[in-house]
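Trainee: Take a look at the letters that make up each chain.
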Amino acid sequence: MKKNWSVYLLGATLLVGLVLPLATGASPVGFYIEVLLGGLMTGVLYSLVALGFALIFKASGVFNFAQGAMVLFAALAVARLAEAMPLWVAIVLATGIMVVLAWLIERLVLRPLVNQEGVALLMATLGVTYFLDGFGQTVWGSDIYKIDLGIAKEPVMILERLFEGGILVNKEDFVAALVAAALVAGLVLFFQKTATGRALRAVADDHQAAQSVGIPLNRIWVIIWAVAGFVALVAGVIWGSQLGVQFSLSQVALKALPVVILGGFTSIAGAIVGGLIIGVGEKMAEVFLGPVLVKAFDLAGGGIENWFAYVLALLFLLVRPEGLFGEKHIDRV
Amino acid sequence: MLYRENGQFKSSYAADQQMLPILQDRLFMAGLLAFAFVVVPLVASDYLFLSLINPFLILALAAIGLNLLVGYCGQISIGHAAFMAVGAYAAYNLALRVPQLNFLVVLVLAGLIAAAVGILFGIPSLRIKGLYLAVATLAAQFFMDWLFARVKWFTNYSPSGSVSTAPIEMLGWTADTPARKYLLLLGILVVFTLVAKNLVRSHIGRAWMAMRDMDVAAEVIGIRPVYAKLTAFALSAFYCGIAGALWGFVHLGSWEPLAFNLNLSLNLLFMIIIGGMGSLLGSYFGAAFIVALPIILDQIPLWLGIPISTATASHLSFMIFGGLIVFFLIVEPHGLARLWSIGKEKLRLWPFPH
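So the sequences go chain by chain: S and E. Residue numbering for the first sequence follows my numbering, starting at 1 and increasing by one per position. Residue numbering for the second sequence follows my numbering, starting at 1 and increasing by one per position.
Check the hints yourself; a few may be wrong.
[Said to hold, decoys possible] Pair ranges (Cβ atoms, derived):
| id | chain 1 | residue 1 | chain 2 | residue 2 | range |
| --- | --- | --- | --- | --- | --- |
| 1 | E | I221 | S | G118 | 23 to 33 Å |
| 2 | E | S160 | S | K146 | 47 to 57 Å |
| 3 | E | F37 | S | K146 | 53 to 63 Å |
| 4 | E | K344 | S | A185 | 53 to 63 Å |
[As the list claims (entries may be wrong)] With the Cβ distance kept under 10 Å, some of the chain S side facing chain E (calculated, not the full set):
| id | residue |
| --- | --- |
| 5 | L126 |
| 6 | Y130 |
| 7 | F191 |
| 8 | T194 |
| 9 | F308 |
| 10 | A309 |
| 11 | A313 |
What the hints contain is simulated information worked out from the structure, not anything from laboratory work. Given the structure is predicted, the values throughout are model-derived calculations rather than measurements. C-beta atoms are modelled at their ideal positions from N, C-alpha and C, and glycine is treated no differently.
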């Protein structure tokens with residue numbers, strides 16, 4: 001068996017980087033854990049966006065650049081609808097909107113482009129991204145909106161006796177993590193236990209074979225886009241409640257790309273694990289590596305979390321092109 | 001009737017290999033060049049130069065650069081504005097620190113630096129391809145954005161991070177008016193288009209196209225992937241670096257950090273998609289389209305007399321932009337260049353149907 005020493009090397013470097021601030025005593029334990037938790041939290045959000053991304057790529061081979069725009073659109077819809085009605089009605093209504101949107105995208109954009117190469121499909125979703133960004137802000141407005149989930153936002157101090165200073169945690173973060181976990185569990189059940197889920201997996205494995213046993217491809221693609229739309233809605237609501245709903249949401253959602261690269265394009269588990277790794281990695285890098293870099297190179301401020309995820313994914317691609325959980329691809333002439 | 005190759009016999013290899021084999025094409029090109037070099041500077045207004053023509057020329061150069069990589073070599077990049085940024089900041093620092101250098105020398109050096117960075121970020125393309133590579137190029141985009149915003153040396157320790165350039169002067173000739181800038185840009189663009197045209201029809205361009213069409217098969221017939229891919233990255237980044245330097249020096253004059261952001265990268269990509277991948281002419285069409293579209297979209301509410309707030313107008317133009325891209329992909333996936341060649345085919349037969 002081929003030794004994957006380069007993978008181990010990269011993993012070991014990351015691990016050392018992770019433990020180093022703690023081991024050298026550069027940060028108090030409590031603070032370290034806070035950073036870790038914060039990273040995990042961001043990671044959960046990245047995972048949610050990446051999940052929608054991986055679902056679509058798996059089932060239809062479309063590299064959906066528009067997932068971030070869908071997150072923004074869904075969040076805007078919920079935020080504005082919730083101004084006029086109870087939150088849960090707004091969420092149900094917004095789910096309906098996302099399903100209609102998914103159907104329209106599949107029908108108007110992707111079906112005419114069926115059998116085109118991946119690049120053309122990527123471009124098409126870029127077009128959809130621009131369209132959705134403009135459309136969402138035209139319809140829903142372009143200010144900053146709030147989604148209030150009705151959960152207390154005050155940070156809670158826990159484990160005060162264990163560490164000096166305790167750990168500050170947000171109750172909302174935990175709810176978000178729980179929702180994400182529930183969503184993933186629900187998706188897994190849906191994919192593994194229902195007839196539709198089986199059909200979706202069949203299509204993901206082999207379009208033609210699936211079609212030849214009578215699975216309606218068009219309907220499957222609408223379903224997968226609708227599911228991705230729903231995932232985008234969940235991600236949008238959670239992000240919106242934490243950061244506020246604004247245009248930058250769609251930019252932050254771009255981070256889902258390195259996440260799926262890291263996890264492997266077609267893997268749901270990969271999206272989750274990749275999201276957590278990227279979330280923790282970039283937070284750690286920002287908090288612990290950033291000041292070191294600023295000092296060493298006399299920078300005008302940190303902000304390395306803007307690129308850390310991408311460079312990490314890039315390094316990872318160099319040593320393991322198929323990602324953590326991706327399928328190995330063999331080229332033949 | 002008028003446009004056909006009948007009776008134009010080729011009696012030497014040189015005649016057979018010329019760039020424009022049909023006499024009418026050569027006449028058209030000569031007329032076009034004369035028009036661009038003589039008539040346009042006389043008739044166009046300063047506003048037209050500054051808002052439309054000069055950006056078009058620069059972005060056409062950048063689009064050619066991206067097209068070399070994406071259209072000819074088949075390696076997707078959604079981070080090419082990063083190479084424009086490298087070119088712009090390299091040119092800025094060269095002009096600042098070595099003031100006696102001629103502007104053209106600065107340009108070429110900036111292009112070379114961008115090419116070196118291009119090779120660096122092209123290395124992943126040896127292991128990964130397609131959509132994976134697209135994300136890898138995003139790394140270039142975000143890393144460069146950060147680098148030029150944060151490392152103070154690049155911006156000469158300016159407190160706001162924005163830089164401004166000195167006027168362009170070469171051997172006593174100053175590019176101070178919009179028309180002079182136009183002539184400078186046009187000259188550079190013509191030269192580089194010629195170079196690109198000859199690149200893509202020489203062995204190196206053919207190696208790129210073989211990589212694009214099927215990399216494994218290309219390797220089997222003896223094309224070195226390392227050489228083909230890295231030269232494509234280097235030349236593409238070289239073009240974009242020069243375009244970036246021109247964008248900074250000639251078009252913007254002074255620019256903030258993030259002037260070369262992801263949006264610019266995506267716009268470059270749209271240019272070659274709408275214009276036509278793997279076509280130099282398409283790069284021109286695409287650049288013209290993308291430069292002109294927002295201006296036209298801004299004007300439409302004024303013409304119609306509908307009062308729309310600027311925010312709504314910009315959102316609407318986003319929508320129309322996105323819609324048009326999808327429309328183009330569905331209706332004419334090979335871009336405007338294909339429409340042009342269809343038109344030429346039709347013209348050869350005109351006025352007969354077959």
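Trainee: Return the status of the interface hint for F191 of chain S: holds when the least beta-carbon distance to chain E is below 10 Å, violated otherwise.
Mentor: At about 23 Å, which exceeds the 10 Å cut-off, the nearest Cβ of chain E leaves the hint on F191 of chain S violated.
Trainee: Hey, does the A313 of chain S contact hint survive, CB to chain E under 10 Å?
Mentor: Given a least distance of 6 Å, the restraint on A313 of chain S holds.
Trainee: Quick one: are F37 of chain E and K146 of chain S within 53 to 63 Å, going by C-beta?
Mentor: holds (58 Å)
Trainee: Could you check if T194 of chain S really has its C-beta closer than 10 Å to a C-beta on chain E?
Mentor: Hint on T194 of chain S: violated, closest Cβ of chain E at ~29 Å, above 10 Å.
Trainee: Does 47 to 57 Å hold as the CB distance between S160 of chain E and K146 of chain S, or does it fail?
Mentor: Distance hint for S160 of chain E, K146 of chain S is violated at roughly 32 Å.
Trainee: Falls inside 53 to 63 Å, the C-beta gap from K344 of chain E to A185 of chain S?
Mentor: holds (59 Å)
Trainee: Can the hint on A309 of chain S be confirmed by a CB-to-CB distance to chain E that is less than 10 Å?
Mentor: With a closest approach of 8 Å, the A309 of chain S hint holds.
Trainee: Can we keep the L126 of chain S interface hint, with Cβ of chain E closer than 10 Å?
Mentor: Given a least distance of 6 Å, the restraint on L126 of chain S holds.
Trainee: Against chain E, run the beta carbon of Y130 of chain S and see if the smallest gap drops under 10 Å.
Mentor: Y130 of chain S check passes; min Cβ-Cβ to chain E is 3 Å, inside 10 Å.
Trainee: Against chain E, is F308 of chain S within 10 Å by beta-carbon distance?
Mentor: holds (9 Å)
Trainee: Are I221 of chain E and G118 of chain S spaced within 23 to 33 Å by their CB atoms?
Mentor: 24 Å Cβ-Cβ, so the 23 to 33 Å window holds.
The structure does not agree with the numbered hints 2, 7, 8 stated previously, though it agrees with the rest.
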